[in-house]
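Colleague: Protein sequences appear in the order of chains A and B. Residue numbering for the first sequence follows our numbering, beginning at 1 and increasing consecutively. Residue numbering for the second sequence follows our numbering, beginning at 1 and increasing consecutively.
Hints should not be assumed to be uniformly reliable.
[To be verified] In silico DSSO-like pairs for lysine-lysine, Cα to Cα no more than 27 angstroms straight-line:
(1) Lys340(B) x Lys15(B)
(2) Lys340(B) x Lys122(A)
(3) Lys387(B) x Lys399(B)
(4) Lys340(B) x Lys27(B)
(5) Lys122(A) x Lys389(B)
(6) Lys40(A) x Lys217(A)
[Claimed, not checked] Away from chain B, derived, C-beta distances all over 12 angstroms, residues of chain A:
(7) Gly234
(8) Leu240
(9) Gly282
No lab work stands behind these hints: they were computed from the structure. As the structure is a prediction and not an experimental result, all values here were calculated from the model. From the three backbone atoms N, C-alpha and C, an ideal C-beta is built for every residue, glycine too.
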Amino acid sequence: MTAGPRPRHLLDFQDWTPERLNALLDNAETMLQVLDRPVKKVPALQGLTVCTAFFENSTRTRTSFELAARRMSADVVSFAAGSSSVSKGESLRDTIEVLTAYKVDAYVVRHHAAGAAHLVAKYSGKPVINAGDGRRAHPTQALLDAFTVRQEYGDLSGKKVTIIGDVRHSRVARSNAELLPKLGAEVVLCGPATLLPEGLAALPGVTLTTDPRQAVKGAHAVMALRLQQERMNGGYLASLQEYADTYQVNEGLMQHAESGAIVLHPGPMNRDLEISSEAADGPRSRILKQVENGQAVRMSVLYHLLVGRDQA
Amino acid sequence: MTLTITNIKRVGSDKTESVTIENGLIKGWNLPAEGQTIDGQGGTLAPALIELHAHLREPGQTEKEDLASGLAAAAAGGYGTVVCMPNTRPVIDDPALVRSLIEKADGLGFARLKPAAAVTRGEKGEHLTEMSYLKDAGAVMFTDDGLTNENARVLRLGMEYARSLNMVISVHAEDDALRAGGVMNEGAVSEELGLPGNPAAAAAARVARDMEIVALTGARLHVQHLSTARELDIVRDAKRRGLPVTCEVCPHHLDLTDESLRTFDAMYKVAPPLRTRQDADYLLEGLLDGSVDCIATDHAPHTRAEKERDLLEAPSGIAYIEIAFPIMWTRFGERLGLEKLLDLMTAGPARVMGWPLPSLEAGSPADVVVLDLDTEREVNPAEFRSKAKFTPWQGQMLKGWPLLTVVNGRVAYRREP
């Protein structure tokens, strides 16, 4: 079996073979050990400059990436474009060309538009890690989810992961639906019909249901997605109360999952809306573990994309 | 002024002939050469193409295109006549503006301009424009294209008024609420890419509504750029009912599909969006069986910077009037045949508008094109006369390039040897 050519970017999982993905997750174990040391730093990326270009706000994800890059000894520069720069009319291409002229070696990109990370890759010619583009993808989130499930069960093969909530607007759901089946897991996407686009059923290894009990049946991990409260205004939901009564991930729902099934959430949580506090803080919860794993996974991704590669 | 084009063939004939043009009319065939003589290089002489749907962006958006660049591009594409859309800044809703555009275009010597004017003032969908004055000024069609006629009652009134003037209204038929800001066709591809989808139902629902307004008013309606199978079925049904409806299909909706959006390149963002291969194939059937009346390009130039924005922000539109015939001939020439293809790009649009049918007989207006049907050339957008020097067909090998376009008896375009 071949791992295939080494991908230059992590934009989504299109070019990534299961072998590469497993190697990346294996390497994250090593990174996790680095994070347990008194001095949490390795020299792997010394002399390289990583730019976190966030066209959409996300303090948590950016912090996680910046810490990951710094722990690998990279220099980090952060570019935060408020929505104002959009209205000033500078194009994405102009922004990226300016940053590239500063001799940035790699980009971590967050943008409100699907495909923006692909455009950064095209315009910069540098390795790009997609830190979330619109509804499209958030691959490091999916990798850390996979890593967390793997940590629990040793292997993703034959495992069932159920994702519940606003699937329509979720890049986390899309990335997990793309990644987990590649690693042998089965993915069930669940949510109210207005937030569960049927087109996603075309993805291999993915099934859709609007019934949460059916969705969690046999699940080894259940992930609640963040519900943006403005979805109410978009007409997708009748009321938050009705949503919570039907789709909240709580102990009552988890009773229908595999015994010992874990609870995940990509954060930030709306407690007692999409997830009960009991479930978020209880023994099934791996939510803080996800955050910790996230840093190790991002270190591994940086390593995979940047070490031993000609930077020109 | 006299012009003789030698070494040409007529469609369906192998005979090498010549045609003489004098004072804007075809004087006759195979006469002794007189005046300026141009070697047609063995190309095929056809009536110049007619474009019913182009955005030339003048006035107000001349960074995207202007009359000179747009009409030169049209002439280079073999077009003799272009109907320009009124969604300019300001909107073409004023007779003086119509006159000034026609006058300016006439002085350029490229393709002939026939402006469409807005149905409603400022395309705001509220008050009708002064249609009779606009018609007198030279407007040939009414449309609020660019926008979508959300108010059915206003469209009804406009159609009643246009009917009394014996004028055609054309519609960009999409239900704006149903398309909901979607940037590509809604379906498995849009869901996989996480891009907001615009369902085929948004177009079909609006065409169905508009057919009822045609039935109500008896007015002539032209449905722009069909992109879905359902729209075609609805138009076919309306035609069977005897309603005075015509429709157009654009080459990009035949040759490109929503799969193109996998590149995340906003060059492929267009309204209505690129659909599925099944839709495209179905529309081609409509061209073959005569239920589609004509081909139009919806030439919609934008600046490169605008089209390099992300897919949510970039404006909609593809501009390719210069290569529309080569695209159609190369991709669909075998299926359609030359005669049918030319009909869809010459007589077809003329029938939609109620204009005299183009003819190559002596005494006919001398709007002609010489087409090189055989030589393959690479598409190089840097050579475009349009200001939009980029295209989805960049680098592709196409044949059917115009060698010479004559408009009103004068050379409007001649290919550099």
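Colleague: So, for every hint listed, does it hold in this structure?
Modeller: Okay, the hints, checked on the actual structure:
Under the criterion of a C-alpha separation no larger than 27 angstroms, the hint pairing lysine 340(B) with lysine 15(B) is consistent with the structure, at around 20 angstroms. About 41 angstroms separates the Cα atoms of lysine 340(B) and lysine 122(A), which puts this hinted pair outside 27 angstroms; it is violated. For the hint linking lysine 387(B) to lysine 399(B), the alpha-carbon distance of about 23 angstroms falls within 27 angstroms, and the restraint holds. Annotation: proposed proximity of lysine 340(B) to lysine 27(B) holds, straight-line Cα distance about 26 angstroms (limit 27 angstroms).
For the hint pairing lysine 122(A) with lysine 389(B), the CA-to-CA distance comes to about 19 angstroms; that is within 27 angstroms, so the pair holds. For a cut-off of 27 angstroms, the pair hint linking lysine 40(A) to lysine 217(A) is broken: about 40 angstroms separates their Cα positions. With a minimum CB-CB distance of about 9 angstroms to chain B, glycine 234(A) fails to clear the 12 angstroms threshold, and the non-interface call is violated. The Cβ of leucine 240(A) lies farther than 12 angstroms from every Cβ of chain B, with a closest approach of about 22 angstroms, so its non-interface assignment holds.
The Cβ of glycine 282(A) sits about 32 angstroms from the closest Cβ of chain B, beyond the 12 angstroms cut-off, so the non-interface label holds.
Violated hints, in rising order: 2, 6 and 7; the structure is consistent with all others.
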